[in-house]
Amino acid sequence: MGKTGWAWTWFGFLLALDIAIPWFVLTHVEKMSGAFLFWTIWVVVAIISAFVIFLKWKEARQ
Amino acid sequence: MSTTFWVWFGIAIYIAVGLAIAVMARRQLGGGVSEFFLANRKIGGFVSALTYSATTYSAFMMIGLAGLTYISGVGALGFELTYLCGKFMMVFFLPRFWLVGRKYGYVSPMELLSDRYQSRWVGATAAILAVVFLVPYGAVQLMGVGYLVNGISQGAIPVVAGIIIAVFCAIAWSNIAGMRSVAWTDAFQALIMIATSAAVLGVVVAALGGFGSFFGKL
Numbered sequence: 000m001g002k003t004g005w006a007w008t009w010f011g012f013l014l015a016l017d018i019a020i021p022w023f024v025l026t027h028v029e030k031m032s033g034a035f036l037f038w039t040i041w042v043v044v045a046i047i048s049a050f051v052i053f054l055k056w057k058e059a060r061q
Numbered sequence: 000m001s002t003t004f005w006v007w008f009g010i011a012i013y014i015a016v017g018l019a020i021a022v023m024a025r026r027q028l029g030g031g032v033s034e035f036f037l038a039n040r041k042i043g044g045f046v047s048a049l050t051y052s053a054t055t056y057s058a059f060m061m062i063g064l065a066g067l068t069y070i071s072g073v074g075a076l077g078f079e080l081t082y083l084c085g086k087f088m089m090v091f092f093l094p095r096f097w098l099v100g101r102k103y104g105y106v107s108p109m110e111l112l113s114d115r116y117q118s119r120w121v122g123a124t125a126a127i128l129a130v131v132f133l134v135p136y137g138a139v140q141l142m143g144v145g146y147l148v149n150g151i152s153q154g155a156i157p158v159v160a161g162i163i164i165a166v167f168c169a170i171a172w173s174n175i176a177g178m179r180s181v182a183w184t185d186a187f188q189a190l191i192m193i194a195t196s197a198a199v200l201g202v203v204v205a206a207l208g209g210f211g212s213f214f215g216k217l
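Protein sequence lines, in the order shown, are assigned to chains A and B.
Quick note: the first sequence, position 47, residue 46 per numbering that gives the first Met the number 0, numbers continuous.
Quick note: the second sequence, position 169, residue 168 per numbering that gives the first Met the number 0, numbers continuous.
Mixed in with the good hints there might be a few duds.
Quick look at which bits of chain B chain A covers, simulated, 3 or more residues with Cβ under 8 Å [unchecked claim]:
(1) 65–79
(2) 82–89
Using 25 Å as the maximum straight-line C-alpha spacing, the simulated DSS-like pairs for lysine-lysine come out as follows [as the list claims (entries may be wrong)]:
(3) B:LYS41 with B:LYS102
(4) B:LYS86 with B:LYS41
(5) A:LYS55 with B:LYS86
(6) B:LYS102 with A:LYS2
(7) B:LYS102 with A:LYS55
(8) A:LYS55 with A:LYS2
These are computed hints drawn from the structure, not numbers from a lab.
Keep in mind that this is a model prediction, so the values were computed, not measured.
All residues carry an ideal CB built from backbone N, CA and C; glycine is no exception.
Kindly produce the complete structure, drawing on both the sequences and the hints.
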C-alpha cells in the first residue's frame, strides 16, 4: 500500500474510533475522564496526523 | 424603560454601526467582478479569520449548538471537535486555492473544479449542491436570529420581525460593497460574538461558584 493508501486507512480508522469509542464503549461513563477526555485527545491526534501527512504535500512534478 | 425598548435600541445601534462600516467599505470599491465578489483578493488575514468565524460560528453555533449540548450532553463536544478537524484541513487547502484562484482568475470554487477536471458538469454539480445545502443553512441562520430576538425580548418582538431584520441586514450589507462590506461587517459581528461569548462564560462560571465548582457540576 502506498503513502496515500496508508493515509486514507489511518483517517478511516480515526473516524471509526471517533464514533465507536464514545457511543459504544464510553456511553455509560458519565465522567470528565470518559468521552470528554477521549474526544479531547482524539482531536489532538487527528490534527497532528493531518499536519504530518499534509506537511510534504505538493504538486506532482511535471 | 422596558426590556423591549432596550432590545430595539440595541438592534438599531447594531444596524447603524453595520451600515456605517458597509458604507466605509464602499469607498474602496473599484470596478469589476473580482472587486465586488472577492474584494480584489485583498482581504487581510485578520479580517478573513474574523469573517470566517462570524460566518461559521453563527446562529447555528450560538443557538443550535447550545441547544444540542443541552439535549445531548458531551456528544455535542464530539461533534464540534470532529468538525474542527475538518476545519484544520483548510490550513493546507485554502492557501493553494487562493494561489490558483489568483493565477487563473477564478471567482468561485466551481470555476476551479470545472477547470481542474476539465468538465463543466463538475462545476455545475458543485454549484447545485452548494445552492441546495446553503438554502437550509441560510434559513436556519435567519430563524436563529428570529428566535434570539424573540427570546431576549421575552416574546414582545415576533420571530418573523427578527427574521425580516436579519434579511434586511444581509441584503443591504452584501450589496453595498460586495465581499468587502460583507467581510468588514462580519469582522464587526465576530468581535461582538467573541466578547459576548467570553462574558457569558464568565457569568456562568461565576454563578456556579468558580471553575472548580463549574467542572464539578458538569
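Do the hints match the structure? See the list:
1. Interface restraint, the segment 65–79 of chain B with chain A: holds (4 residues with C-beta to C-beta distance below 8 Å; minimum three).
2. Counting residues of the segment 82–89 of chain B whose CB lies closer than 8 Å to any CB of chain A gives 4, which reaches the minimum of 3, so the coverage claim holds.
3. Using a Cα cut-off of 25 Å, the hinted pair B:LYS41 and B:LYS102 holds, with the two alpha carbons roughly 14 Å apart.
4. Between B:LYS86 and B:LYS41 the alpha-carbon distance is near 22 Å, which keeps this suggested pair within the 25 Å criterion.
5. Pair hint A:LYS55 plus B:LYS86 holds up; C-alpha atoms about 19 Å apart against a cutoff of 25 Å.
6. Between B:LYS102 and A:LYS2 the CA atoms are separated by roughly 29 Å; this puts the pair beyond 25 Å, and the hint is violated.
7. Simply put, B:LYS102 and A:LYS55 have alpha-carbon atoms about 22 Å apart, close enough for the 25 Å limit, and the pair holds.
8. As the CA atoms of A:LYS55 and A:LYS2 are separated by approximately 12 Å, the hinted pair is consistent with the 25 Å bound.
Hint compliance for this structure: hint 6 alone is broken.
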